[in-house]
Amino acid sequence: MKKMAVEFKGTKGGLTIYCLEGVGFSELLADLEQRLRQRAAFFGEAEVRVNVGGRELTEEQKERLVTVIRENSRLKPAGIVMQPDGSAALPPARRRGDFESLQLEGLKEGRSLVIKRTLRSGQGIHFPGHVVVLGDVNPGAEIIAEGDIFVFGTIRGIAHAGARGDRKASVVALRLSPTQLRIADVISRAPDENPPLPDQAEYAYIADDRILIAAITTKAAAASVRKEGV
Amino acid sequence: MGEAIVITSGKGGVGKTTAVANLGVGLALLANKVVLVDADIGLRNLDVVMGLENRIVYDLVDVVEGRCRSKQALIRDKRYDLLYLLPAAQTRDKSAVSPEQMKKLCEELKAEFDFVLVDCPAGIEQGFRNAIAGADRALIVTTPEVSAVRDADRIIGLLEAAGLSGARLIINRIRPDMVRRGDMMDIDDILEILAIDLIGIIPDDERIIVSTNRGEPVVAADNALSGQAFRNIVRRLLGEEVPFQDIYRQSSWFGRLKKIIGLGG
Numbered sequence: 000m001k002k003m004a005v006e007f008k009g010t011k012g013g014l015t016i017y018c019l020e021g022v023g024f025s026e027l028l029a030d031l032e033q034r035l036r037q038r039a040a041f042f043g044e045a046e047v048r049v050n051v052g053g054r055e056l057t058e059e060q061k062e063r064l065v066t067v068i069r070e071n072s073r074l075k076p077a078g079i080v081m082q083p084d085g086s087a088a089l090p091p092a093r094r095r096g097d098f099e100s101l102q103l104e105g106l107k108e109g110r111s112l113v114i115k116r117t118l119r120s121g122q123g124i125h126f127p128g129h130v131v132v133l134g135d136v137n138p139g140a141e142i143i144a145e146g147d148i149f150v151f152g153t154i155r156g157i158a159h160a161g162a163r164g165d166r167k168a169s170v171v172a173l174r175l176s177p178t179q180l181r182i183a184d185v186i187s188r189a190p191d192e193n194p195p196l197p198d199q200a201e202y203a204y205i206a207d208d209r210i211l212i213a214a215i216t217t218k219a220a221a222a223s224v225r226k227e228g229v
Numbered sequence: 000m001g002e003a004i005v006i007t008s009g010k011g012g013v014g015k016t017t018a019v020a021n022l023g024v025g026l027a028l029l030a031n032k033v034v035l036v037d038a039d040i041g042l043r044n045l046d047v048v049m050g051l052e053n054r055i056v057y058d059l060v061d062v063v064e065g066r067c068r069s070k071q072a073l074i075r076d077k078r079y080d081l082l083y084l085l086p087a088a089q090t091r092d093k094s095a096v097s098p099e100q101m102k103k104l105c106e107e108l109k110a111e112f113d114f115v116l117v118d119c120p121a122g123i124e125q126g127f128r129n130a131i132a133g134a135d136r137a138l139i140v141t142t143p144e145v146s147a148v149r150d151a152d153r154i155i156g157l158l159e160a161a162g163l164s165g166a167r168l169i170i171n172r173i174r175p176d177m178v179r180r181g182d183m184m185d186i187d188d189i190l191e192i193l194a195i196d197l198i199g200i201i202p203d204d205e206r207i208i209v210s211t212n213r214g215e216p217v218v219a220a221d222n223a224l225s226g227q228a229f230r231n232i233v234r235r236l237l238g239e240e241v242p243f244q245d246i247y248r249q250s251s252w253f254g255r256l257k258k259i260i261g262l263g264g
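Those protein sequences? They're chains A and B, same order as listed.
For the first sequence, numbering that gives the first Met the number 0 gives the first residue as 0, with consecutive numbering after it.
For the second sequence, numbering that gives the first Met the number 0 gives the first residue as 0, with consecutive numbering after it.
One chain only, chain B, in its complex shape:
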């Protein structure tokens, strides 16, 4: 029996879909059977990020409405044998699915897969309620902006009210140089308000944009800092204790130089 994890944020555009794609690939690379479920009905794009758009025949709504079996709608990833996608419908909206149906679907998929990763739509309405209905735990994505943190806080409250406590936090798009200058919220500032466990910090990295546009998740790229950050989250999801990267140091070219020439650091 697998585990269903919902990736959610409240605010849009903070990197939920990118996180789902990368965590999915990362888990599959470590020999887990994974299915990614796009719960953003009407605004699907997980398939695009995964580079699988052209293979969609059936979607999530077809499954819950009984037009096909779940197996028929699942798309196997072109690169990773253990990774599957259940795409959202594009021509319907959130009201096409009920929380009960999502719960049933997740149960079904959990019997087959080690991990069911649900990509939650932005917002707190029906799409959100559907996405969290079948989840065993939640990951919350935020960026170091007051608006994103505010929405994350709202989401944590709603998750707790729905009985999903123990959500863990991914802070996306940290820019160490800006934090150092005091122009960006620090990780500690965010954690002080949200008061939940951190599971990963992802540095702002243009390679994510490139890889997203190519449909090749960055987690598989060995030399990308953001890829390393996703790999660490994957290992933490699997229960491993992985120390947090010192992003402040790694990205500071000047700091490294100072260290080399012996000025401390």
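Okay, chain A solo, but in the shape it has when bound:
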């Protein structure tokens, strides 16, 4: 994929377009035009600032930048920021790596099955993909998925993610209290004494050949995505 020249970042103060270093001005305009067109509807009529980093633009260049924005979106140009040292021109979170690859990381594609009811005792699903349940998985019920398992409810039965050996698969549930959890070839079971039902959403994944369970908070989930490359 073509290396990108601009990057969009939304903050409380509005939208900022960062112009990456080392890209020629005409290339920058072309990329900006293309991206604005793709996402004009998404951006709507927000105010936008352009951070050109260490570039020193002529008045004419600034004019062309504003024109490109006006012609290709309904955004309202509110200013052009120059940062001579250049380092701050990139949004902090994305300083490492290429935008495109960052966008792909943490994304998984594949067949999914959505079950909009509770799986009761004796009911089982075996699906060669991801499984999403909007309901509970009761004791005596089991889900076997070759991909990930997401349960918007309580898992009390058996869940087996990555059933064909995908050790990066995970099991996510609003309340994770399974009889048994399996991911790929790793099995773990509930402790013999009844543990209290967790009071928050959790996910299970393999680390060091064991199944670990962690609470889902946005930060933790994001970190695991980066670390595990889920």
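Do not take every clue at face value.
[Claimed, not checked] Pairs of lysine to aspartate or glutamate residues, derived as EDC-like cross-links and limited to a Cα-Cα distance of at most 20 Å, are as follows:
1. B:K70 - B:E111
2. A:K115 - B:E191
3. A:K61 - A:E20
4. A:K115 - B:E159
5. B:K10 - B:D185
Hints in this document: simulated from the structure, not taken from any laboratory.
Using the hints, position chain B against chain A.
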């Protein structure tokens, strides 16, 4: 046109037959014409619980196999004019009847009666499939034990798969003192797993055993707590909104005493 209600549980021994007998008498006492159908072919005992065993001439299998008309097989209860029993065959087994035949039978009976209560055998095999075939709705009986609740869950799934949704739950044999001590599953625990509507809670009551052995359903006994619980279910079946008894308080002698002497409660 009446309504056919199947009473089922999955697990055996949780009180299906007792519930059928009591609900039948309760409905008949409120001027409904009721027939109890024992679908537990080969292991019949609804007739025993009703105290009608000695009057059986024809049974359900005779009816579906055409050896008699359904009217001939129906036994009128000795105490309640509006209550009838269609007994199961004892010398045959579940395979003697097919779901289609049961469906036809239920349709026939619904034309004649306000309520057709079907006593379902334990298990999930042919006897179960026969019993639910003609039902318009289902009541599920469970006790506060993990095994009974597990089976009830399985049954709810099977009922839904058979197109019988909206089943309602009877929790039988609750012992408030044990629940309070944390030694018995709480009603909320059960409802959280089964996630269906509750229609009644029946406290564990030795009077049920006595009345069952005598063939006199407890629902007709005014002073029994369990009888009151069955009467409430009957009224809920008839569409009335009846608040649930506070079994925790009523059975707690100590709690009542505390209340009387003003220690709260």
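Restraint check for K70 of chain B with E111 of chain B, where alpha carbons must lie at most 20 Å apart
10 Å, holds
Are the Cα atoms of K61 of chain A and E20 of chain A separated by 20 Å or less?
17 Å, holds
Between K10 of chain B and D185 of chain B, is the straight-line Cα distance small enough, at 20 Å or below?
Judged against 20 Å, a Cα distance of about 19 Å means the pair holds.
Is it true that the CA of K115 of chain A sits at most 20 Å from the CA of E191 of chain B?
OK: K115 of chain A and E191 of chain B at ~18 Å, within 20 Å.
Agreement of K115 of chain A and E159 of chain B with the hint, judged by alpha carbon distance not exceeding 20 Å:
13 Å, holds
Comparing the model with each earlier hint shows no violations; every hint is respected.
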